[in-house]
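Peer 1: Here the working numbering is used: the first residue of the sequence shown is 10, the next is one more, and so on.
Be a bit skeptical, because a hint or two may be false.
Simulated restraints, written as ranges between beta carbons of each label pair [stated by the list, open to error]:
#1 W174 - T204: 19 to 25 Å
#2 L213 - R23: 36 to 42 Å
#3 G167 - L147: 20 to 26 Å
Hint data in this document are derived by calculation from the structure and do not stem from the laboratory.
Cβ atoms here follow ideal geometry from the backbone N, Cα and C, with glycine treated the same way.
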Amino acid sequence: MRPLSGFRVLRKGRAVLGEAAKTGALLPGLVIVAAWGLLNAALTRLSTGEGDFEAWFPELPPGTFSEIEGFLRDFATAAGALGPLFWWVGISGLLFLASRLFGGSGASFRSVLAVVGVACAPWPVADAAILAATALGLAAPPAIAAALGLLTFALSVGALVWHLWLIVAGVSVSTRIGYRSAGATTALAGLGCLTAAVFLFLTLAVLLVGMSGMFG
Numbered sequence: 010m011r012p013l014s015g016f017r018v019l020r021k022g023r024a025v026l027g028e029a030a031k032t033g034a035l036l037p038g039l040v041i042v043a044a045w046g047l048l049n050a051a052l053t054r055l056s057t058g059e060g061d062f063e064a065w066f067p068e069l070p071p072g073t074f075s076e077i078e079g080f081l082r083d084f085a086t087a088a089g090a091l092g093p094l095f096w097w098v099g100i101s102g103l104l105f106l107a108s109r110l111f112g113g114s115g116a117s118f119r120s121v122l123a124v125v126g127v128a129c130a131p132w133p134v135a136d137a138a139i140l141a142a143t144a145l146g147l148a149a150p151p152a153i154a155a156a157l158g159l160l161t162f163a164l165s166v167g168a169l170v171w172h173l174w175l176i177v178a179g180v181s182v183s184t185r186i187g188y189r190s191a192g193a194t195t196a197l198a199g200l201g202c203l204t205a206a207v208f209l210f211l212t213l214a215v216l217l218v219g220m221s222g223m224f225g
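Construct the entire structure; sequences and hints are all you get.
Peer 2: If you want it as structure tokens, here you go:
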């Protein structure tokens with residue numbers, strides 16, 4: 010598969026997923042995930058302005074973030090860039106393990122990784138549109154900014170649904186199980202990733218509370 014051929018999954022879903030599962034080619038997925046990471050980092054940077062962190066954590070004393078706001082913005086940008094990579098590898102590993110519970114066979118971890126990478130294609134497309142809409146919304150009148158906000162929400166939901174559908178189809182193709190079992194596999198793997206995300210968020214919240222005592 011060519012480096013940019015993974016984006017063909019947006020037009021020929023099952024055929025491209027089958028090709029990715031058969032060849033185990035990782036480069037198309039890597040290109041997609043890298044593009045997603047770059048756009049996600051730009052979107053995160055654009056969306057985190059001065060004072061945002063204090064607004065997100067109103068229970069902390071005023072001025073808590075004044076000393077570390079620059080670091081937090083850089084950290085959020087780096088997390089936005091690396092998040093898609095961690096998602097790609099993490100969800101692939103969980104899908105590979107969970108598929109065994111539903112009788113999946115015939116797929117190596119490399120094949121699942123290739124399929125999930127290609128299945129991420131809706132995200133960079135959506136992020137590019139969201140980035141443009143967000144940039145326009147910063148200087149737009151309130152009514153237009155609100156409409157653009159609804160548009161970005163719709164794009165995010167659409168990308169998520171499309172991404173999950175491609176994962177379910179890809180798991181079905183690569184592990185040779187039915188769509189129902191593939192859906193259950195995806196749900197189980199997603200629950201595992203969600204649990205990890207909640208744990209990381211709680212850890213970050215505890216660290217921020219600790220920092221409030223240092224800088225407060």
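Peer 1: Take the hints in turn and mark each one as holding or not.
Peer 2: Quick rundown of the hints versus the structure:
no., hint, in the structure
1, W174 - T204: 19 to 25 Å, "holds, 22 Å"
2, L213 - R23: 36 to 42 Å, "holds, 39 Å"
3, G167 - L147: 20 to 26 Å, "holds, 23 Å"
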